[in-house]
Amino acid sequence: MRFGALLGERFRLIGSVSRGVDRLVEDRDPDEGDDFSADYGVTVAWDIGEAHEVRFGYSYFRYEYRLGPAPVQAFVSESESLNLAYTYFADWGQAGVGVSEILGSGFHPAIMANGEYRLNAAGSRTELYALGGGYGFVEGSSNGVFLGLRAKMPKGYNLYANVARRHLTSGVDSTTYSLSLVKSFGANAGRIFRRH
Numbered sequence: 093m094r095f096g097a098l099l100g101e102r103f104r105l106i107g108s109v110s111r112g113v114d115r116l117v118e119d120r121d122p123d124e125g126d127d128f129s130a131d132y133g134v135t136v137a138w139d140i141g142e143a144h145e146v147r148f149g150y151s152y153f154r155y156e157y158r159l160g161p162a163p164v165q166a167f168v169s170e171s172e173s174l175n176l177a178y179t180y181f182a183d184w185g186q187a188g189v190g191v192s193e194i195l196g197s198g199f200h201p202a203i204m205a206n207g208e209y210r211l212n213a214a215g216s217r218t219e220l221y222a223l224g225g226g227y228g229f230v231e232g233s234s235n236g237v238f239l240g241l242r243a244k245m246p247k248g249y250n251l252y253a254n255v256a257r258r259h260l261t262s263g264v265d266s267t268t269y270s271l272s273l274v275k276s277f278g279a280n281a282g283r284i285f286r287r288h
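Just so we're aligned, residue 93 is where the sequence shown starts under the numbering used here, counting upward by one.
Among the hints, erroneous ones may be present.
Claimed, not checked - What follows is a set of in silico ranges between Cβ atoms, one per label pair, in the way DEER data are often shown:
1) Ala213 to Ser171: 33 to 43 Å
2) Leu271 to Ala214: 21 to 31 Å
3) Tyr178 to Ala214: 15 to 25 Å
4) Leu99 to Gly263: 40 to 50 Å
5) Phe153 to Gly263: 17 to 27 Å
6) Gly112 to Ser262: 36 to 46 Å
It is worth saying that the hints were derived from the structure and are not from the lab. Beta carbons: idealized from backbone N, C-alpha and C, even for Gly.
Model the full assembly from the supplied sequences, consistent with the hints where possible.
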């Protein structure tokens, strides 16, 4: 879920809450339980004209690892991060770059790039976008890429289907498939969330 409010002509406040269930198939026994994740964020967005946007945000992420067959006590990982991003909007879609710093971790920042390309006519009842992007930590400990599809539907719903590949310098690689449904709330949702 995400919700927001207008802060004058050029600024918007955006909050988000998500809950996920992950089934890890690599290095897992079939009888082990699912992992759970939660993500909470707050962001201030600044519109620079109609085609440009800058965002600054804070997020808290919590992940519960299931280490054996249920019932078992989960190992909990928590992190906080600050994020700064720029997005350019065009008729064909949008593209952006950003930097993210995980607080208190000792890691260098991660640099990110992403984009979306509209596949059908603007204003269609359901707009389809191909999306993709990648990230990498400055010191090179981890990097990854993703590809996906977004369906922007009526009444503030967005459906995302993604596949992501992650590589660690330790030699560990992983592939993640995800399906996410996002609901936007707010009296001016179209203006608050723009094309996101």
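Item to check | Violated constraints from the hint list, given by number and in increasing order | outcome: 6
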